[in-house]
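Peer 1: Sequence:
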Amino acid sequence: MTDPESLADRVQEGELRIHELEDEADFDTAAEARRLLVERETDADLEAVGDYAFPAEVAEPNIENMIGATQVPLGVVGPVAVSGGAVDGERYLPLATTEGALLASVNRGLSAIRSAGGADARVTKNGMTRAPVFRVDGVAEGAETVEWVEDNLDALREAAESTTSHGELLGVEPYVVGDSVYLRFAYDTKDAMGMNMATIATEAACEIVENETPASLVALSGNLCSDKKPAAINAVEGRGRSVTADVVIPGDLVEDRLHTTAEAIVEANTRKNLVGSAKAGSLGFNAHAANVVGAAFLATGQDEAQVVEGANAITTMDARNDGDLYASVSLASLEVGTVGGGTKLPTQSEALDVLGLRGGGDPAGSNADALAEIIAVAALAGELSLLAALASNHLASAHEDLGR
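Numbered per my numbering, the sequence shown finishes at 855, counting up by one with no gaps.
Hints may contain errors.
In silico lysine-lysine, PhoX-like type, Cα no more than 25 Å apart, as pairs [claimed, not checked]:
id : residue 1 : residue 2
1  : Lys576    : Lys679
2  : Lys576    : Lys680
3  : Lys679    : Lys795
4  : Lys730    : Lys679
5  : Lys730    : Lys795
6  : Lys795    : Lys723
These are computed hints drawn from the structure, not numbers from a lab.
Based on the provided sequences and hints, a complete structural model is requested.
Peer 2: Structure representation (structure tokens):
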């Protein structure tokens, strides 16, 4: 057992270097030494931070300068009733959040969806993108570069796919802006979220472009991808998985479970999510899709910064015959995976086990498609519940009743 004071003293006095501990693969001691130093320098008590349940070496690929772990409360919603292209039946969805009332709200929406026979969901498009930017002398060289790219897609595909045993280059979309040329590469990355895969593959393809055209690579990412930023191109063209979920809820269920009417929900959606979002210049036309996307991302080991793209969603509502409610949510750029990255961390992989989606699926890509469809139905449930609460003026009272 390491003596904390002795360990801190040895590091402070230069007798022990933390990187040497990591070189020796003693990651837990390195994390402890770093944590003790931070405590000494800041007078903070990091006892809870240091009380984590997995070996630090497991997280070594995912973080630098580790001092411990932040724990976010984890709950579960469901069952999520889905009739999808990749998943059919009921699944429980783990969600990690610090927002009280969120899971209760999603469960209310899911209850209505289950009673209506479940929701349909489909991944309508799949393609992780990376868009390098090149320098040319002017428009003429830009056009020459674009023409070469369009005529030599097979050569670019061969170079890109030589770097991966799983990824497939789907296409390259060129954009010319003055003396800049952007090439938006799109890949099928199977069950991986695939950002690293796409980056490495695109780098190999860029070497061919530089060798065969007048273009010179300036940056491997030119922000036309567009990663971790609000972007209209992702709303239109998609990024990662574009997925839509919808359901028809009979009018009596709307009244019994959601305590309002289809007409009231439709009006709230139109005035809030559509007109209000348009007036605000929002790229998301929804009530709070980011809530479910973010909580699912934290629980299952996705890249949390990509909630920016995941919240790029449109919610639609329509009153059908006899007071029935048609509801849908379309997420244009949901970037998820079930292999690689944070999905390998212990608690995150356990959450994927709850879903039955840990690791790669058969066929490849089916597990990530299934995860996207389940998240979309849960997001739809959250939209239904919040819009119903707003339409019936129950939002504030719901939070009060739950003590939030």
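Peer 1: Compare the structure with each hint and give your call.
Peer 2: How the hints compare with the structure:
Pair hint lysine 576 plus lysine 679 holds up; C-alpha atoms about 19 Å apart against a cutoff of 25 Å. Of the supplied pair hints, the one linking lysine 576 and lysine 680 holds, its CA atoms being roughly 20 Å apart against a limit of 25 Å. For the suggested pair lysine 679 and lysine 795, the alpha carbons sit about 22 Å apart, so the restraint of at most 25 Å is met. A C-alpha spacing of about 23 Å is found between lysine 730 and lysine 679, which places the hinted pair at or below 25 Å, so the restraint holds.
Distance check on the hinted pair: lysine 730 and lysine 795 sit about 42 Å apart at the alpha-carbon level, beyond 25 Å; violated. The straight-line distance between the Cα atoms of lysine 795 and lysine 723 is roughly 39 Å, outside the 25 Å bound, and the hint therefore fails.
Against the hints set out earlier in the document, violations occur for numbers 5, 6.
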